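Novice: One line per chain: the protein sequences are A and B, in this order. For what it's worth, the working numbering labels the leading residue of the first sequence as 1, then goes sequentially. For what it's worth, the working numbering labels the leading residue of the second sequence as 116, then goes sequentially.
Think of the hints as simulated: they come from the structure by calculation, not from any bench. This one's a predicted model, so the numbers in the text were calculated from it and none came from an experiment. Treat each hint with caution, since some may be false.
One side of the interface only, derived from the structure: several residues of chain B facing chain A at Cβ under 7 Å [unchecked claim]:
| id | residue |
| --- | --- |
| 1 | H160 |
| 2 | F203 |
| 3 | F216 |
| 4 | G217 |
| 5 | G219 |
On the chain A side, residues computed to face chain B include the following (Cβ under 7 Å) [claimed, not checked]:
| id | residue |
| --- | --- |
| 6 | E41 |
| 7 | L43 |
| 8 | F45 |
| 9 | Y48 |
| 10 | D56 |
| 11 | Q104 |
| 12 | P108 |
| 13 | G109 |
Even for Gly, the Cβ is constructed at its ideal location relative to N, Cα and C.
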Amino acid sequence: NAGVMQNPRHLVRRRGQEARLRCSPMKGHSHVYWYRQLPEEGLKFMVYLQKENIIDESGMPKERFSAEFPKEGPSILRIQQVVRGDSAAYFCASSPPGTDFGTQYFGPGTRLLVL
Amino acid sequence: SQQGEEDPQALSIQEGENATMNCSYKTSINNLQWYRQNSGRGLVHLILIRSNEREKHSGRLRVTLDTSKKSSSLLITASRAADTASYFCAVRNTNAGKSTFGDGTTLTVKP
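In isolation and in its complexed conformation, chain A is listed as follows (with noise of 0.2 Å):
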């Protein structure tokens, strides 16, 4: 069973270009979880989806990002109009279907580079 997925592994981006990162969660998994990362910091909490749904986007800034999880295919994190600031690692996790809260996997994360 291969892991959490996520392309690129790295993403260089110049100001006002957009970013868009995918994640393939891991086989029988439903649960998606997005995570930003800056240097010498934990993980924020951005963004958690089923399939077709957002079911807490509460840690998603409120312009220029959004995320989707569709029927088929990847995760996708979208950053529209980068500034230097979204400069960070991306995160993300997959967690199996039911509602017992169970241990999240994370993939190798995506390294975006705002020049």
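Guided by the hints, dock chain B onto chain A, whose structure is given.
Specialist: Chain B only, in chain A's frame:
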């Protein structure tokens, strides 16, 4: 905020010694997880302990949970240089799927 907060921020020990890291939180939780992160890499899940559990073991790792004190500890016995990494605790409460992380403890194990 129910953020997990690790203590100490940094820990340096010799190979073979034990390393203890602590985590405190503020509100009720469903479970608490410990993760390891090597520099520039993703998070590796170590142990999950539920609110009705007091202690769990996995190899050289021992995790305790004291819900009355809202704290947890991670003990790594007989440390190795390969244990050098940052260690994070993450708490999940009973009503949300998200995890709330602390800023981590940076462990350095000297050979």
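Novice: All hints are to be evaluated individually against the structure, with a verdict given for each.
Specialist: Hint check results:
1. The closest approach between the C-beta of B/H160 and any C-beta of chain A is roughly 6 Å, which is under the 7 Å cut-off, so the hint is satisfied.
2. Annotation: interface hint on B/F203 holds; nearest CB of chain A at approximately 6 Å, less than 7 Å.
3. Proximity of B/F216 to chain A holds as hinted, the smallest CB-CB distance being about 4 Å (cut-off 7 Å).
4. Taking 7 Å as the C-beta contact cut-off toward chain A, the hint placing B/G217 at the interface holds, the least distance being around 5 Å.
5. Annotation: interface hint on B/G219 holds; nearest CB of chain A at approximately 5 Å, less than 7 Å.
6. Of the supplied interface hints, the one on A/E41 holds, with its beta-carbon coming within about 5 Å of a beta-carbon of chain B, less than 7 Å.
7. The beta carbon of A/L43 is positioned within 7 Å of a beta carbon in chain B (closest approach about 4 Å), and the interface hint is therefore held.
8. Taking 7 Å as the C-beta contact cut-off toward chain B, the hint placing A/F45 at the interface holds, the least distance being around 4 Å.
9. Against a cut-off of 7 Å between C-beta atoms, the interface hint on A/Y48 holds, since the closest Cβ of chain B lies about 5 Å away.
10. The beta carbon of A/D56 is positioned within 7 Å of a beta carbon in chain B (closest approach about 6 Å), and the interface hint is therefore held.
11. For A/Q104, the shortest C-beta to C-beta distance to chain B is roughly 6 Å, which falls under 7 Å, so the interface hint holds.
12. Given the 7 Å rule on beta carbons, the hint for A/P108 holds: about 4 Å separates it from the nearest Cβ of chain B.
13. Among the interface hints, the one on A/G109 holds; its C-beta lies about 5 Å from the nearest C-beta in chain B, closer than the 7 Å criterion.
Checked against the numbered hints above, the structure violates none of them.
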